[in-house]
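**Q** First to last, the protein sequences are chains F and S.
Numbering follows numbering that gives the first Met the number 0, in which position 251 of the first sequence is assigned residue number 250; successive positions increment by one, without gaps.
Numbering follows numbering that gives the first Met the number 0, in which position 47 of the second sequence is assigned residue number 46; successive positions increment by one, without gaps.
The set of hints was computed from the structure by calculation and includes no laboratory data.
This structure is a prediction, so every number in the text was calculated from the model and none was measured.
A few of these clues could be false.
Claimed, not checked - Below are the BS3-like pairs computed for lysine-lysine, each with C-alpha atoms no more than 30 Å apart in a straight line: (1) K22(S) - K77(F); (2) K331(F) - K22(S); (3) K50(S) - K116(F); (4) K116(F) - K60(S); (5) K60(S) - K107(F); (6) K50(S) - K107(F); (7) K50(S) - K331(F); (8) K22(S) - K81(F); (9) K81(F) - K60(S); (10) K4(F) - K116(F); (11) K22(S) - K6(F); (12) K77(F) - K331(F); (13) K22(S) - K4(F); (14) K60(S) - K50(S); (15) K60(S) - K179(F).
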Amino acid sequence: MSLEKGKISNFQLSVLIVGFTLGSSVIISPGQGAGHDAWIAVAVGLIEGLFIAWIFTAVVKQFKDKTIIEINSLVYGKFLGKCISVLFIWYLFHLGALVLNSYIRFFKLEIYPATPKTVGLLLLMLVCASTVGRGIEVLARCSIILVPLTTLVAISDTFLLIPHIDLNNLMPILDVPIGKLLLASHGAASFPFAETVAFLMVLAFVDKPEKGPSAVSRGLLMAGFILIMVVARNAAVLGQMAAITNYSTYLAAQVIDIGDILTRVESLVAINLIAMGFIKISVLFYGTVLGLAQVFNFRSYRPIILPVGILMVILALTNTENTFDMIDFANKGYPIYAISFQIGIPLITLVIAKLRKLPQTGGDKV
Amino acid sequence: MIALVLMGFGIVALIQIPGLVRKQWWRELICFAFLWFMGLILSVMIAIGIKLPPISTIINKSITGMFGI
């Protein structure tokens, strides 16, 4: 019995991927380690991200209408498959808590300094829980409305910032040592592009699974171009400040001032963060609860939505001791930590499935 | 604060448990009860000011120590 009755189109999948990839990256620029060459790091990271996406979509292509949890049970056997699935679910859960954490740290620092973190987290989590409970179709429809609006704001912000852009801030190009650039590129690939590995829980519900891989690539390319534009714009407007500030997009939007009439546009950037953060957290939350329900053979994933949501909020509150620790984890530990989930599990699964010639058409039919 | 936490968890239990019992979904009920209880214990610990271990910091320290970054 399938736990998800809904189906989404390939176009909805692409838009959902754009929203997911923009997620917290609309506010925390990726590739910061490369200084003013961050946009090059993001471009190289996009290529690595596309390669990782090719690996995990190849797994789904092989097993069509199965999620990674069902695929693991077929490839590794029941017990080992469930152990690997639990590790993957942990990654989704932990990543969801990390996004919640970065979201609430931004709001506490810039927008609502007097509001307790728990209030903001619980409110966002309630909205995400409500959406997840209604299934993947509702989430995809939300993204169809929210992603174009966010893209529009990112593009209009760029146009409004044209008077403040100083191209000298981007010069000299490729100034950073190649090792540092590659490290920053891998950082940009692991956050946010390769995080789309979470869609291993969603790709099974696309109405035309054979076109799923191209829809994923299209979404990644679209999100990649938006991010390159935003990162290059931030560096061109802010100069050296872009490399040292945590929220360069927000800071760049603060510069916009059209004749003292159009100011405080940064609020729109904050709204973008809520919208894209909502999509990213919802996809990760959905993957976590659906995954758990499949591991334990539940008849529905809905009964565990609220307790899992509460645990995600608790992890978000206690994830790191301070903002410095969070940034240190994002720059140093996370790119290595995430490799095993983003490349390791899909690649090993694909290789073993090919070696075992799975899915078989006889007794082991899928 | 603890009263608020207990009230919140009570509401969650009231929303979920009657439906699960009516449908006799015992497997789901056990998993729900386990997660709910874990959440309750951790929330009460936070509410009374007990510091929980920062998981990402621990993972970061282990990885940076292992790879000498």
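**Q** Output the indices of the hints that this structure fails to meet, ascending.
**A** 2, 10 and 12
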